[in-house]
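This is what each chain is made of:
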Amino acid sequence: MKSKILLSGLICFSLMGSVKSQDLIKLIPEDAEMIAAFNVKEIVQKANANKLNELLQKAGLFKQIEKSGASVGNDIKNLGIDLTQTSYFYSRKTDSVSFIEFIFPLSNKGQFEKLLHDAGEPKPLANGYSTIALKPGSMLVYNERIARFISSTMSTTFFDNDSVASRYGIKKVAYMAPAADAYSPEIDSAAAVADSAAVAVDWEEGEKEIEPLSPPIIVESVPDTVVASVEAAVPVPMDVAPAEMHDPSYYDSLYTAYEDQNRKNDSIRNALRDQWLMGEATRLLSTSYKALSISDQNKVLKNLGLIRLYIPHVEELYRGLMPYKSIPYLYMGINMDKFKTGYQDGILDLSQDGNVLKLKGSMGLDKDLADLSKRLYARKPNGKFSKYLTDKTLGFFNVNINSEAYLRDMPSYMAKYYGGLLGPQQDLVEWGLMALEVALDEKSIAQVMPGDHLFVVNGLRKFRKEYIDYSYDDEYNATEVKKTKDETLPVFIWMFTSKDQRLIKRGLDLAVAKTLGKTQDGIYAFASKKAMDFPMYVLLKDDLVMVSNDSLSLHDIRQNKMTAPANKDFIKLMKQNKMSAAFDLQKLPAMLQEMGVSPGRQWDKTVAQLNQYGSTAITSKGIVGNRMEAEMSSKLPQTKEGAISYMIDQILLEIGNK
Amino acid sequence: MNRLCVALCAIVMTFTLSSCFDFVEQIDLKPNGSGHIAATLNLSKSKTKVSSLMKMKSIKGIQIPTQAEMEKEIRAAVQLLKQTKGISNVQYQTDFTNFIVNISCDFSQIESLNAFSDILANRFKTKISNSNRYYYNAQTNIFERKFVTSSHWKAKFNQLGSDNTTQFADAFYTQIIRFEKPIASQVNNKAKVAGNKKGVLLKLLFTDLVYGKSTLANKITLTK
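Protein chains in written order, with my numbering: chain A, 1 to 658; chain B, 1 to 224.
Hints listed in this document are in silico derivations from the structure and should not be mistaken for laboratory results. For clarity, every value in this text was computed on a predicted model and none was experimentally measured. Every residue gets a Cβ at the ideal spot worked out from N, C-alpha and C, and that includes glycine. Certain hints may be false.
[To be verified] According to the in silico footprint, chain A covers these stretches of chain B (three or more CB under 8 Å from chain A):
(1) 40 to 46
(2) 198 to 204
[Claimed, not checked] A partial selection of chain B residues facing chain A, derived with a Cβ cut-off under 7 Å:
(3) N98
(4) I176
(5) A194
(6) G195
Work out the full structure, taking the sequences as your base and the hints as a guide.
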């Protein structure tokens, strides 16, 4: 338990980091799958060290440390961890095992060692490092200036391959024997699976080589014998199940054998995991591996905010997450090796700008995908959208794509990047996509709907709603009666540019002719139905098509009576981005109250505090250079110390309330 | 049915300040103790909110049942009802536009109503059956309903917070009992007797029932 707390503490402190950060990043191997960098100095500064101390004290961490015999005086500075440098986390994966490592700098080894008092006696390892074993499958190694927590997890599918499993002495066993005609989903191809963990560890050194464990043997189960002898002695009628199958001891013995074998298999797996962990630690400490490339190091460290997550090869990570070796995919002829995404590296950044907390992500695209994406997003929002973003606007969503380019390029894009997923149908589907490309007149369609859309929630309005009630006669016989009541609901308008409105107008006129709707003052009205809880109104004005749940708003727009002042922040967000969505949190408490919606008593205080917040926005500038960029930002209440500090204040408040 | 009601009510009451719904129970009792019962849950006053909530899978850990799941529950309840001794002519109607569910049946004796209540309570693991019992004595012409405020419901309500009165300002439990003989007397001070003296109407605020400010208990004596 204590070691778990200690481990949590170390992970926690790795978030906050007299070694230069460049030294530590060089410890990350070049084949790291995912890397996180924690700008500890910045985090501690922005969070305020005193508040962090208070937070950790209230969370009970210092108390636990003191229980283990160390005294840190309720100050993170006394933990022996260097809080002025960057700490790192990365993961590395082979087909047999996954490793993760936290690397954090130490400022005082003696102080740090005191924290480990409860975890056992440190043992010298290699190259001046000492080690302490923590929970199974993980270890902590450290020297005068660095501490490294390394953990390993076995791949869940590595031993699915029979030849690999038998190489390590693992024998697969099923609780019930499969039917004779059952299809076996296992691929038994030794050549197909390379045991890269074995390659990664230098097994030829001899001393680290795993002692091959003798394959476990299951004692022949008694029921088989019983069945055989019974069958020989008494012929069992064909239509009656053998009596032994109903004997509970038959299943008990099967289960025992199954459990025994599983235990043996687990022992082998655990021994392998620990061996491979030791091999990985030895390899890392000997630095006999290629470090992260300079260009990747730069991508991790350049303009580092608070925390950065960097994925050098998004496509590989994506492939690794997909079960492309599974039988259904192979059965369908789907070859995931041919599957391409065009994605390169990915970066996710958490930063603070005053009282604004930002999460910014970007992804490198290959040239073809970058060029295609630039064409797809080559559209600006209709300038007329701006006047519908007013000070009454609670939130909006705007997206701008070039539908002409989309229709023109999507078939070839699908064929190129997702062709591998189509299996034997690839040719047919590609032919279909080509036919679609020829059949669609993208220029004409782009006139009907060029691709810019704005969905805006413009305040609240009372709507008259019908409901069923009961009236009672003198004899108290109940009769259903329809009554009306006012309900306050958000008013939304969805609008898009349409330079050629003939098709839309014809469709609307047709619906009216079929009595599905009606027109009133130039606005099409459609009554609410089961699938649609509110009536819908459509207005065609200038080159815009507008759909709303509020006829009054559309009447005002039609007669140019929109008088509310413009919301400059929202307009700026929309104009500067290819995609933007924002919500004014300040307006949320009043809105919820007016609508009669309660998020629950425990949230009342939080909701009330939203008055002090600003907007929360998600935006994307589309393609910048060859990167797809997106950003999420939240404007927290204005304080002297900024967003992170405010968040810690809130956590402290929450802890105080418990 | 009860679980469905509880789920729907819980959803509505948890997320809206104005949890409006009606639960109407109508019993027609014949002199020999047989009769007809119809129970209606009407959420149409809150249909916009219920409809919005049903578009979500779960909120705050509470699973929101789909329309298909609700219909399945109702069918299962109806099936149970059909298998209950003394219950016949089971009918049900659902209106998922207005969110109204109605179940009705005939009963051969008053005990069948209690059996029905017990079976459903057991199936849906609700703790209401012992709080609510019906009795009728054809010799004395006395109909009696015993009702004890459920501590289970009270606890559930308390979990929601102390502002329940506001939340349930428009939520009612209505009970109507009609007889073939005129009523000589009844003891519930909030109940009204029909003009023809053959019916009793009791419309109570849901919160008053939960917190024991009102009761469904009554003793109705019919003329001989």
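Hints the structure fails to honour: none
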